[in-house]
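Chemist: My request is simple: use the sequences and hints to build the entire structure.
Top line first, the protein sequences correspond to chains A and B. All you need for our numbering is the position in the first sequence, starting with 1, plus 5. All you need for our numbering is the position in the second sequence, starting with 1, plus 5.
You may find that some hints are simply not true.
Copies of one chain are not kept apart here, so a pair can be met inside one copy or by any two copies together.
What the hints assert, rightly or not - Derived lysine-lysine pairs resembling DSS-like cross-links, with alpha carbons at most 27 Å apart:
(1) K18 with K52
(2) K27 with K52
(3) K18 with K272
(4) K351 with K28
(5) K296 with K351
(6) K28 with K296
(7) K318 with K27
(8) K287 with K318
(9) K53 with K318
(10) K317 with K52
I should point out that these hints are in silico values taken from the structure, not numbers from a laboratory.
Protein chains: 2
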Amino acid sequence: MSEYWSRVVRELKPYVPGEQPKKNRYIKLNTNENPYPPSPSVMDAIKKAANASLRRYPDPNCDTLKQAIAEYHGLGRQNVFVGNGSDEVLALSFISFFKQAHPILFPDISYSFYEVYCSIFEIQYLRIPLTNDFDISLTDYQQPNGGIIFPNPNAPTGKLLSLEDIQALLAVNRHSVVIVDEAYIDFGGDSAIPLIGEYPNLLVAQTFSKSRSLAGMRVGSALGSEGLIEGLERAKNAFNSYPLDRLALVGAVEAITDDAYFQSTCKRVIETREQTVAALVKMGFSVIPSKANFVFIQHPEVAAATLYDRLKKEGILVRYFKKPRIDNFLRVTIGTDTDMQVFIEKTARIVTEG
Amino acid sequence: MSEYWSRVVRELKPYVPGEQPKKNRYIKLNTNENPYPPSPSVMDAIKKAANASLRRYPDPNCDTLKQAIAEYHGLGRQNVFVGNGSDEVLALSFISFFKQAHPILFPDISYSFYEVYCSIFEIQYLRIPLTNDFDISLTDYQQPNGGIIFPNPNAPTGKLLSLEDIQALLAVNRHSVVIVDEAYIDFGGDSAIPLIGEYPNLLVAQTFSKSRSLAGMRVGSALGSEGLIEGLERAKNAFNSYPLDRLALVGAVEAITDDAYFQSTCKRVIETREQTVAALVKMGFSVIPSKANFVFIQHPEVAAATLYDRLKKEGILVRYFKKPRIDNFLRVTIGTDTDMQVFIEKTARIVTEG
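Modeler: As structure tokens, then:
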């Protein structure tokens with residue numbers, strides 16, 4: 006604590022990301038990274054662009070990348086915003102749309118960064134409890150609000166909401182922005198992007214960090230009506246004119262262009278997830294049905310904190326959140342088949358030994 | 006304008022960066038980029054790092070880069086903050102230190118992003134007029150304030166303040182943060198970094214975009230006491246955990262490590278600046294004494310707006326700010342010797358033809 010800090014910064018509880026160990030000692034199943042590398046064309050494009058032009062600023066409007074994303078989703082470039090990872094996109098969305106007279110609404114069990122954005126931008130919020138089965142009950146969101154945000158699939162549960170449910174919410178919530186945070190949508194969910202034309206208050210956030218294997222390059226996007234995108238551009242241009250560097254821009258264009266590679270790696274992750282779930286269920290775990298690249302699990306006999314520690318000693322990093330309602334769960338990222346075989350074997354031994 | 010925007014975003018006047026034309030049609034002297042490419046070791050390191058590890062998040066703490074910067078300046082790693090360009094570093098500094106009961110102070114002619122940060126973060130400010138000779142008179146800053154910020158050398162004037170002046174201000178301004186924005190310091194000024202040990206409220210902001218030829222990779226830094234750096238880390242971790250991607254991190258480390266290259270390119274820019282100034286003075290321009298990689302000039306007979314337009318038609322982009330007190334000046338970035346010969350020849354012709 007320093008006497009020079011602003012009040013908002015004194016009162017913050019910053020977000021704590023998952024551990025990023027310096028050495029490759031671990032099978033790393035703790036931050037939902039993709040087990041497969043980016044498409045080879047991404048690396049080629051980056052190497053080609055690593056030249057004397059790095060002395061020049063990148064395109065502040067990121068037009069080429071926006072165009073590629075727009076074409077991929079059948080939207081116009083004016084419907085696409087890009088930022089330095091979806092965290093920056095979300096931060097700018099909170100300041101652009103959520104500083105309102107009413108509190109914003111999000112699930113009590115959800116991406117824990119939402120509360121942090123509210124504290125730095127001084128936004129009121131209400132946390133709406135998930136049901137006992139960890140479902141988001143969208144009827145609970147039908148109350149005066151300054152905005153609504155939820156991940157779909159939800160994190161860290163992995164549970165998916167149907168498009169019908171989302172559309173039903175949008176139909177009765179016309180006066181505030183609804184952000185669907187689709188960081189994990191490519192692992193088995195239906196995106197809300199097709200609803201953008203009908204609902205000018207719908208913003209869909211996506212990321213290149215998970216399904217497109219580019220966590221290391223920091224690229225996220227938001228898709229929505231022209232009015233929402235213009236609001237985001239205004240906030241971005243009041244914060245940082247050039248958040249995406251030249252190499253992130255060219256890499257992301259290739260990542261979205263090589264669709265065959267993307268489809269095949271998503272499919273592999275989904276297959277490995279289903280095999281992992283089957284093996285965990287056989288061991289007695291309850292596994293929340295997941296449409297993400299992770300599973301959220303608990304065991305009737307072995308405490309999550311114990312399992313976390315034992316796995317770490319065995320060289321496997323998973324994520325443990327010491328928080329109400331979920332402090333007996335572990336979130337386990339889906340790795341390669343080999344990663345998950347090792348994880349299953351070690352977990353089986355720990356569970357058997359008790 | 007959209008009904009969904011927050012009030013702060015509705016009321017913003019976003020910063021407008023200099024034009025970044027898509028085609029290389031221009032001699033580009035408008036955004037203070039370095040005319041020389043980054044060190045070859047930067048490109049080598051980036052190409053080497055463009056591998057499968059891009060699927061992994063970068064180090065959120067940027068320890069390797071912080072260590073390299075700390076060693077370069079003879080500081081500890083706890084005295085170094087890094088961000089996505091110095092714009093992001095400044096934005097986070099405004100929210101960390103400048104949201105106070107008193108208004109912050111900065112020069113009326115200065116980096117125009119300062120006002121924009123104040124509007125997005127709802128910070129009160131007072132613009133302190135430069136003297137008639139465009140000097141910052143630091144005695145004018147001796148009044149109750151929530152913080153002080155100025156570029157040194159100032160932009161867009163290029164004028165340098167002495168370390169003695171800065172120290173005199175720090176000696177009487179102990180209770181708010183003083184940010185010295187040293188984006189251009191390496192082109193002939195003395196950095197305030199040696200004063201950090203004595204003044205825990207001094208923050209020095211620097212960038213890799215100008216003297217280190219890395220505008221395309223978005224890396225900035227702030228140097229200060231441990232308390233200030235910790236405040237910045239808190240704000241950053243409430244906004245975006247990983248603003249620097251893997252390639253920006255390795256590129257910046259090489260850029261700061263290859264000191265011989267850095268020294269030689271800075272020296273070339275300074276020499277070209279002095280030759281350019283001599284030629285401009287010969288043509289009748291008034292040239293404000295510059296210690297930056299640009300010159301701020303006006304001609305007694307040719308209006309700045311006219312000269313800007315004529316130069317653009319001739320394929321040379323410079324920067325014109327249509328603002329009170331400086332609307333008859335042009336800011337001209339120092340390019341290569343060849344760039345500046347062309348600029349001088351075309352300018353001479355325009356001035357002669359009237």
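Chemist: Does each hint hold? Answer for all of them.
Modeler: The hints, checked one at a time:
1. K18 with K52: neither (39 Å within a copy, 37 Å between copies)
2. K27 with K52: Both: 24 Å inside a copy, 20 Å across copies.
3. K18 with K272: neither (37 Å within a copy, 45 Å between copies)
4. K351 with K28: within (21 Å within a copy, 56 Å between copies)
5. K296 with K351: within (24 Å within a copy, 63 Å between copies)
6. K28 with K296: Close neither inside one copy (30 Å) nor across copies (44 Å); limit 27 Å.
7. K318 with K27: within (16 Å within a copy, 53 Å between copies)
8. K287 with K318: within (24 Å within a copy, 74 Å between copies)
9. K53 with K318: The answer is neither: 41 Å in one copy and 32 Å across copies each exceed 27 Å.
10. K317 with K52: neither (36 Å within a copy, 33 Å between copies)
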